[in-house]
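Number of protein chains: 4
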Amino acid sequence: MANASKQEIIDFLAGEFPQFKYIVEAVGEQSATVRYEITHADLRPGGTVSGPTLFGIADAALYVAVLAELGIIALAVTTNMNINFLRKPSATQDIIAQCNLIKVGRTLVIGDVFLYSEGSDAPVAHAVGTYAIPPKR
Amino acid sequence: MANASKQEIIDFLAGEFPQFKYIVEAVGEQSATVRYEITHADLRPGGTVSGPTLFGIADAALYVAVLAELGIIALAVTTNMNINFLRKPSATQDIIAQCNLIKVGRTLVIGDVFLYSEGSDAPVAHAVGTYAIPPKR
Amino acid sequence: MANASKQEIIDFLAGEFPQFKYIVEAVGEQSATVRYEITHADLRPGGTVSGPTLFGIADAALYVAVLAELGIIALAVTTNMNINFLRKPSATQDIIAQCNLIKVGRTLVIGDVFLYSEGSDAPVAHAVGTYAIPPKR
Amino acid sequence: MANASKQEIIDFLAGEFPQFKYIVEAVGEQSATVRYEITHADLRPGGTVSGPTLFGIADAALYVAVLAELGIIALAVTTNMNINFLRKPSATQDIIAQCNLIKVGRTLVIGDVFLYSEGSDAPVAHAVGTYAIPPKR
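Chains as they are written, first to last, in the numbering used here: chain A, 1 to 137; chain P, 1001 to 1137; chain B, 2001 to 2137; chain C, 3001 to 3137.
Everything hinted at is true.
Label-pair ranges, simulated between beta-carbon atoms:
#1 B:Glu-2016 to A:Gly-105: 22 to 28 Å
#2 B:Leu-2075 to A:Glu-8: 35 to 41 Å
#3 B:Glu-2016 to C:Thr-3107: 41 to 47 Å
#4 A:Gly-71 to B:Ala-2074: 32 to 38 Å
#5 P:Ser-1120 to C:Glu-3025: 49 to 55 Å
#6 C:Asp-3094 to P:Gly-1028: 48 to 54 Å
#7 P:Glu-1016 to C:Gly-3046: 51 to 57 Å
Heads up, simulated DMTMM-like pairs for lysine to aspartate or glutamate below, C-alpha to C-alpha not over 20 Å straight-line:
#8 A:Lys-103 to A:Glu-29
#9 P:Lys-1021 to A:Asp-42
#10 A:Lys-88 to P:Glu-1016
#11 P:Lys-1103 to B:Asp-2121
#12 B:Lys-2088 to C:Glu-3016
#13 C:Lys-3021 to B:Asp-2042
#14 A:Lys-103 to C:Asp-3121
#15 P:Lys-1103 to B:Glu-2118
#16 P:Lys-1021 to P:Asp-1042
#17 B:Lys-2103 to P:Asp-1121
#18 B:Lys-2021 to C:Asp-3042
If you're looking for bench data, these hints aren't it; they were derived computationally from the structure. From the three backbone atoms N, C-alpha and C, an ideal C-beta is built for every residue, glycine too.
In isolation and in its complexed conformation, chain A is listed as follows (with noise of 0.2 Å):
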């Protein structure tokens, strides 16, 4: 399996996934770090940042970190994915996500992903996803 590089990632984000709003930190053996910007949009009463936009955080991290681990492939598919919130995120900070991979499989890669407020160690939220790997023609 050919890995990616985050230069080469960041690039082919750009070019397919124009709408792709997550910055690649850092990518590693196994792992990727995304940070995600908030914005008034993803703030909920009370100043929490939504459910959704966690999720969409964690998902794109997972990607970002599969896309690393076997090179560029535009149709890896979430599966599945469980999540977990923790703690109240911070409604100024960006948000950072560690994801790590815990098994490449040929047909599926699980990863599991931690999210924080920057700054902060106490994560606010967990999660768990399934990507599933399309079968090479």
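Using the hints provided, position chains P, B and C relative to the given structure of chain A.
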């Protein structure tokens, strides 16, 4: 416990969650149906609906079912959601989410949600989620 | 795809999984019902049924539904299971598990399972699980 | 909150849960390690460890971590567990489960668990679970 009617829920959401973008179609005995009109921003390359969009609809349907069962509780929060993506949704049909509560406890309410592209019987996603209910003052 | 009948499944399990301790009650259209007789070893202090016992019943019901839908596939394996424990099961009633498949794909089959203490309409647990189907040789 | 030591947990389990068949290896800062010796009854055809056995080990590790963090709480109960089966476990090695708590709330404690066949660095399963803590009297 005081239930809330469909109209009470609509009024509450309009007043307190003006950004709530889901249509309350029906509420019933420990159940709710919610509709969402897909916008361009919800689509992914290939003409599918994004995972975070589907997650948000599932979460909204569960929240409406919680309100219908327990009455107007602004502070109920999602603590866990497990979602399986089953089939490619239509890019042109509304998404319909049907939620049934499977446990109504004092502190936790659990429900499952089937999501459909309108007009199809085969679900595009299925979610199970937990809401935490704040203690009464 | 060739379906398997209730009797074919019972014969297969007796031959290949002699330790399979669940009773196949019924198989239907993408569905299965399984019964389990609680033993002393399944109980926890306070007279409740253990979590691993309930997990095993849910897993068995899903496996029987997979066999009924896809035919006899010895090598299907569980890849994911999400289980919510809802109510205290009876220590003296059989557990009945009702599984419905919600996706039958080429490589993944997903089903949900409601578990009941016999004679009660309120589920004691709910599970959603995924089986991976080995590719055809 | 009063923590419990490894010896206090072992004594409590021996007195109150005599059927608890897991070995408490270590407890630490919001963490616990549990060992389980595979028996013939835990094996499936093909020489793999059954899903319910792995589920039970994950649940036990989470319970020990809860006791270590919150002190001896007999009545804590699992409300949710999401488990991914990653690799075929060894039929001849003990299973080692490493749990870390990711949220310790007043009413809910959430932890993740990695399970290994002893001597291997690649996890055979990964679980995330929630324990509900009964309110103080």
